[in-house]
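Number of protein chains: 2
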Amino acid sequence: MCEGVEKRSFLTVTATKTSGKKDRFSNCSGDVKRIEVPSFSSRDALRSTIPDIQKDGYVAQAVNQYTFPNGLTLLAERMEHVRSAALNFLIPAGCVYDPPEHRGVASVLADMITRGAGNRDSRELSLALDNLGLDRDESVGSMHTRFWGATLARNLPAALEIYADIVRRPHLPDEEIDPVKALALQDLQSLEDEPRQKILIELRQRHYPPPLGQDRRGTPQGIESLTPSVVRSHYERLFQPMGTILSVAGNIEWQPLLEQVGRLFGDWQGGSEPSLKLGQAPAKSEHLPKDTTQTQIGIAYGSVPINHADYYAALGAVNVLSGGMSARLFTEVREKRGLCYSVWASYQTFKDRASVVCYAGTTNERAQETLDVTLKELTRLSDGIEEEEVERVRAGLKSSLIMQEESTSSRAGTLASDWYYLGRVRSFDEIQSAINSLTPEKLVSHLKRCPPRDFTVVTLGPKDLRINL
Amino acid sequence: MCEGVEKRSFLTVTATKTSGKKDRFSNCSGDVKRIEVPSFSSRDALRSTIPDIQKDGYVAQAVNQYTFPNGLTLLAERMEHVRSAALNFLIPAGCVYDPPEHRGVASVLADMITRGAGNRDSRELSLALDNLGLDRDESVGSMHTRFWGATLARNLPAALEIYADIVRRPHLPDEEIDPVKALALQDLQSLEDEPRQKILIELRQRHYPPPLGQDRRGTPQGIESLTPSVVRSHYERLFQPMGTILSVAGNIEWQPLLEQVGRLFGDWQGGSEPSLKLGQAPAKSEHLPKDTTQTQIGIAYGSVPINHADYYAALGAVNVLSGGMSARLFTEVREKRGLCYSVWASYQTFKDRASVVCYAGTTNERAQETLDVTLKELTRLSDGIEEEEVERVRAGLKSSLIMQEESTSSRAGTLASDWYYLGRVRSFDEIQSAINSLTPEKLVSHLKRCPPRDFTVVTLGPKDLRINL
Chain R
1 MCEGVEKRSF LTVTATKTSG KKDRFSNCSG DVKRIEVPSF SSRDALRSTI PDIQKDGYVA
61 QAVNQYTFPN GLTLLAERME HVRSAALNFL IPAGCVYDPP EHRGVASVLA DMITRGAGNR
121 DSRELSLALD NLGLDRDESV GSMHTRFWGA TLARNLPAAL EIYADIVRRP HLPDEEIDPV
181 KALALQDLQS LEDEPRQKIL IELRQRHYPP PLGQDRRGTP QGIESLTPSV VRSHYERLFQ
241 PMGTILSVAG NIEWQPLLEQ VGRLFGDWQG GSEPSLKLGQ APAKSEHLPK DTTQTQIGIA
301 YGSVPINHAD YYAALGAVNV LSGGMSARLF TEVREKRGLC YSVWASYQTF KDRASVVCYA
361 GTTNERAQET LDVTLKELTR LSDGIEEEEV ERVRAGLKSS LIMQEESTSS RAGTLASDWY
421 YLGRVRSFDE IQSAINSLTP EKLVSHLKRC PPRDFTVVTL GPKDLRINL
Chain H
470 MCEGVEKRSF LTVTATKTSG KKDRFSNCSG DVKRIEVPSF SSRDALRSTI PDIQKDGYVA
530 QAVNQYTFPN GLTLLAERME HVRSAALNFL IPAGCVYDPP EHRGVASVLA DMITRGAGNR
590 DSRELSLALD NLGLDRDESV GSMHTRFWGA TLARNLPAAL EIYADIVRRP HLPDEEIDPV
650 KALALQDLQS LEDEPRQKIL IELRQRHYPP PLGQDRRGTP QGIESLTPSV VRSHYERLFQ
710 PMGTILSVAG NIEWQPLLEQ VGRLFGDWQG GSEPSLKLGQ APAKSEHLPK DTTQTQIGIA
770 YGSVPINHAD YYAALGAVNV LSGGMSARLF TEVREKRGLC YSVWASYQTF KDRASVVCYA
830 GTTNERAQET LDVTLKELTR LSDGIEEEEV ERVRAGLKSS LIMQEESTSS RAGTLASDWY
890 YLGRVRSFDE IQSAINSLTP EKLVSHLKRC PPRDFTVVTL GPKDLRINL
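Protein chains in written order, with our numbering: chain R, 1 to 469; chain H, 470 to 938.
Hints are supplied without guarantee of correctness; some may be wrong.
The calculated DSSO-like cross-link candidates involving lysine-lysine, where the alpha carbons are at most 27 Å apart (straight line), are [said to hold, decoys possible]:
(1) R:290 with H:746
(2) R:463 with H:759
(3) R:284 with R:463
(4) R:290 with H:759
Keep in mind that the hints were calculated from the coordinates and are not lab data.
Let the hints inform the model, and build the full structure from the sequences given.
So this is what it looks like as structure tokens:
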């Protein structure tokens with residue numbers, strides 16, 4: 001089954017541990033969260049080794065990687081002090097590949113695909129997954145459809161058997177199309193009552209050239225147009241091993257995992273990854289009139305992608321704006337002026353481009369002042385950054401890094417995204433030393449090369465705002 | 470400082486591990502989350518020991534507990550395979566204690582309290598916390614004001630020094646009241662644009678006798694009425710050691726922690742815990758007319774509190790409704806009929822009472838059908854439950870339990886809430902065997918004693934709905 005496995009398998013070692021996740025015992029409940037994974041099409045799956053790390057007396061954890069001849073890459077990190085394991089499938093079937101006349105098809109497929117697979121019907125399939133104690137989610141991002149699950153490590157092999165059915169042998173039954181389309185339309189429609197979410201979607205659509213800024217929810221016309229055969233041919237075109245990444249982290253053994261995945265997916269065949277033709281970036285800033293109590297503000301500007309030499313400097317600069325309660329946006333916009341309850345900036349990357357996205361939600365009366373102050377903070381960033389700000393950023397990023405290393409779900413996610421973006425998995429030491437080496441000079445010199453400018457500004461509320469730069 | 474510490478300290482042991490948390494590297498960002506901790510006034514801090522547990526070859530973790538003579542309880546769990554630590558302060562200063570004329574004061578205080586403390590001004594204080602790489606949150610629940618923080622275990626002692634300043638020596642400076650009040654008003658106002666959040670708040674207010682159902686956001690009049698001296702006297706009345714719980718989980722040592730907490734809080738003096746007089750439960754079901762695209766539905770009914778013999782059966786019954794994708798509400802309301810994108814039920818407890826809260830968001834056209842189907846699922850629960858449903862529930866609860874045991878933040882939270890509700894910390898084995906012993910008979914027999922009925926139904930949308938029972 002797995003010929004040549006030993007030869008092509010690379011062991012990488014990094015010093016890490018454990019996990020935490022959704023709380024079934026907690027008093028707070030929410031609905032299913034859909035996590036967007038922006039990304040860009042991957043063609044060549046590189047392989048890499050990472051030097052051994054043994055830190056602070058902690059037990060080193062093994063990261064293994066193997067790319068099957070059909071193009072599927074398996075990544076695994078052994079975390080031996082936990083009892084859980086998380087898995088993460090990235091299949092290059094994101095919403096950017098939705099045909100223009102069928103926008104929303106990836107999301108409809110992601111819902112249909114668990115409604116019966118292999119020898120189980122819809123009911124039997126969800127019951128089988130639930131019986132494994134699996135906390136799971138299927139979601140559609142820009143570049144990938146993602147299957148995520150976490151459970152006891154001992155239940156992982158059984159979960160993988162079921163995911164092989166879902167990914168390779170879904171029924172996509174005719175009779176499920178109507179309820180699934182109804183849900184997709186509702187999901188789209190509900191945005192009208194959720195201006196906070198809506199502003200970020202509208203911002204994305206205006207900031208990136210199509211189809212990069214497309215939202216997974218699609219369009220009413222796109223969803224209405226879907227038939228079972230359209231969904232099936234979308235599945236057949238995009239669900240294939242080339243470019244698919246399966247990552248696993250937790251208390252697992254590499255050799256049995258590799259053999260099982262080889263047996264389940266080794267003979268999976270399919271075409272090449274889909275290609276993408278980008279259009280013109282649309283008209284930029286816009287006000288969306290709406291009779292709301294608050295005004296929503298979204299701002300985006302270009303940054304460098306994760307594979308760029310300036311990446312950590314770019315990340316550092318965003319954290320000067322928004323990495324803690326003493327960060328500039330929080331201090332200037334929220335704390336000092338009381339302008340808005342919620343304000344933040346975050347870094348988002350594709351393979352070949354990246355952006356900083358800022359959000360502020362405020363009263364209609366103070367919306368203009370909020371926009372003015374926020375834009376001023378963005379533009380003055382390249383004027384200079386203090387050592388104490390960078391010290392804070394380093395502390396925050398390092399603490400975050402260590403806490404992520406303790407979670408099986410975080411680790412499974414990072415293994416897959418590192419592989420997708422970089423063709424390798426970064427070691428803890430590599431990231432830590434990049435963070436340690438951040439200085440005000442490095443951040444400012446990056447910001448001189450790549451200053452915050454050419455803002456896409458989208459606002460939503462009763463009154464139009466001016467962009468004062 | 471800590472006289473009698475050895476004598477009064479109890480060691481309890483349970484088999485657990487590690488943590489995971491917010492992702493500064495992720496592509497997704499959100500605003501600060503406020504976690505509600507519903508709870509009920511605590512007067513007598515009991516002490517307890519839990520038998521030793523050593524499971525599956527995992528290293529046992531120590532849970533220690535000590536109640537200082539002033540009433541402050543310290544709880545700690547050592548998780549030696551992690552590098553992080555989380556802390557959790559529960560101070561009996563929840564929004565139920567807001568005076569009727571100053572509703573919103575607890576939230577305003579929770580924002581003011583970090584704006585300078587000890588020898589640091591507002592800016593120095595947030596910088597000091599950020600420099601420790603602390604991911605943190607201050608929030609107001611029904612019964613408690615909560616301070617939560619997570620960082621590297623080696624930074625925990627320094628964080629505790631700062632929290633001692635915040636909790637005991639806040640400046641509450643006059644000049645901060647205006648921006649803080651402006652933010653509190655915005656937070657309240659923004660609910661008008663967030664029907665999903667609003668419905669749950671409105672439901673709570675109608676379901677519980679006042680002030681239990683009060684929301685932390687208060688009222689516009691209450692916030693407007695606040696002066697620095699009102700906020701200061703609220704602080705002085707409610708911030709005191711009696712009934713305060715400090716829990717810590719992670720890679721920490723008990724003895725130095727106990728000594729430090731003794732030094733920082735041992736001489737803290739204050740009055741008794743505030744008492745609470747409950748009013749009449751308000752008129753029950755209500756439709757709130759609003760011109761929205763979707764209709765929001767909230768339903769609540771009584772259950773047994775966490776300290777009740779039927780607690781696990783009650784939790785199991787809620788999980789039959791909503792504990793996974795094959796659960797009844799998800800299957801009947803979402804999957805089969807495509808009625809609504811999001812539907813769930815969750816268990817919420819106070820010390821002396823508890824409820825099940827259900828939510829559904831749907832189209833205006835299908836809202837009546839959604840309410841009818843949901844209520845039918847609730848009422849037919851006591852008619853019978855299948856063994857396969859309970860099997861699924863057990864698997865889900867156990868998997869969740871193990872994943873929580875791996876997270877420092879989850880553990881710190883559970884230590885404090887167990888102590889508050891039960892006066893002791895439950896062991897892993899105790900919870901696991903309670904889950905294992907769940908059977909359809911036990912669930913149904915609980916449901917016969919405590920059937921889903923006397924529903925509080927609150928709906929929000931353009932059209933009034935009928936409650937068909």
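Results for each hint:
1. R:290 with H:746: With a Cα-Cα distance of about 43 Å, the restraint between residue 290 of chain R and residue 746 of chain H is violated, given a limit of 27 Å.
2. R:463 with H:759: holds, 21 Å
3. R:284 with R:463: holds, 18 Å
4. R:290 with H:759: holds, 15 Å
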